[in-house]
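J.: Could you build the full structure based on these sequences and the hints that come with them?
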Amino acid sequence: MPSTTPDPGSIPGGGSGNGGASGGAGGGNNNIPETPMVVEPTPSPTEIPMPSPTDIPSSGEIGKLKAYMRGYEDNTFRPENSLTRAEMAVILANLDGAEKGKNVNINYKDVSKDHWAAWAISYVSEKGYFRGYENNEFRPDRYITRAELSVVLCKYLNLEATDISDNRFADIEGHWAQGFIERLVSDGYIRGYPDNTFRPDNNVKRSECVSLINRILGAEPLKNVETRFTDVDKDYWAFGDIMAAVLGTEE
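The opening position of the sequence shown corresponds to residue 1 in the numbering used here, with each subsequent residue numbered one higher.
Quick caveat, the hints were computed from the structure, so don't treat them as lab data. It is possible that some hints are incorrect.
Unchecked claim - Straight-line Cα separation of at most 25 Å, BS3-like style, residue types lysine-lysine; simulated pairs: (1) K127 <-> K66; (2) K113 <-> K223; (3) K223 <-> K234; (4) K113 <-> K127; (5) K109 <-> K127; (6) K66 <-> K100; (7) K127 <-> K100; (8) K234 <-> K66.
Unchecked claim - Quick list of simulated restraints, FRET-style, between CB atoms: (9) E99 <-> P194: 40 to 46 Å; (10) T230 <-> N158: 34 to 40 Å; (11) E173 <-> E226: 43 to 49 Å; (12) E99 <-> T197: 38 to 44 Å; (13) D96 <-> G188: 21 to 27 Å; (14) K223 <-> N158: 28 to 34 Å; (15) N75 <-> N136: 37 to 43 Å.
From the three backbone atoms N, C-alpha and C, an ideal C-beta is built for every residue, glycine too.
T.: Okay, here's the thing in structure tokens:
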């Protein structure tokens, strides 16, 4: 089991269970299936922390880390909540500076044009960061897993899957996302657990996601600022990364 306060240098899994969604997209190793081999049932709506449409704002200009996430209307950030596919789509669209509400082309039967993240889901699908399921569903409310996030981030960074030669972790051999996981690990963006596992099917927390994104973008944590949230104090392990994601940093 990971410690309650993880090493900020690692991105542990958020919760247990499979997110089950496809993080794959166009490009990369075509021999790797787009979806995990085992998919658990979609959680009921009461299990999914649904954000309001203002939860994640549009970002600013490219070249600077502008604020790309925001808290909830009750002044919480909910750092321990698992991140959904829709939320991740909005984060990536924000980071690219995509214009909200423009060129919305939705081809998924479970995402209407009125969905709060429809613009971002349309954008990331066209860019190839995400791909839906074989039954033409995107499943926006399904939690994203560590394996899926690894694939999505490799697509976002235009990184190819690593040729699998050495298996770093005891639990990813033969996993559909192994090559992408190995690539992020070898590039120093993400690490496994002390017990030599990666736990690819664990869900990803909001706090873990911002920590990983900030590391990839080279953004320094903002530690000498006042908290904006009732559920994130300065002693929380990801406080600086959360503040950087919410407030932005200078170039």
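J.: Indicate, hint by hint, whether the structure satisfies it.
T.: Verification of the hints:
{"no.": "1", "hint": "K127 <-> K66", "in the structure": "holds, 21 Å"}
{"no.": "2", "hint": "K113 <-> K223", "in the structure": "violated, 39 Å"}
{"no.": "3", "hint": "K223 <-> K234", "in the structure": "holds, 7 Å"}
{"no.": "4", "hint": "K113 <-> K127", "in the structure": "holds, 18 Å"}
{"no.": "5", "hint": "K109 <-> K127", "in the structure": "holds, 19 Å"}
{"no.": "6", "hint": "K66 <-> K100", "in the structure": "holds, 15 Å"}
{"no.": "7", "hint": "K127 <-> K100", "in the structure": "holds, 15 Å"}
{"no.": "8", "hint": "K234 <-> K66", "in the structure": "holds, 21 Å"}
{"no.": "9", "hint": "E99 <-> P194: 40 to 46 Å", "in the structure": "holds, 43 Å"}
{"no.": "10", "hint": "T230 <-> N158: 34 to 40 Å", "in the structure": "holds, 39 Å"}
{"no.": "11", "hint": "E173 <-> E226: 43 to 49 Å", "in the structure": "holds, 46 Å"}
{"no.": "12", "hint": "E99 <-> T197: 38 to 44 Å", "in the structure": "holds, 41 Å"}
{"no.": "13", "hint": "D96 <-> G188: 21 to 27 Å", "in the structure": "holds, 23 Å"}
{"no.": "14", "hint": "K223 <-> N158: 28 to 34 Å", "in the structure": "holds, 31 Å"}
{"no.": "15", "hint": "N75 <-> N136: 37 to 43 Å", "in the structure": "holds, 38 Å"}
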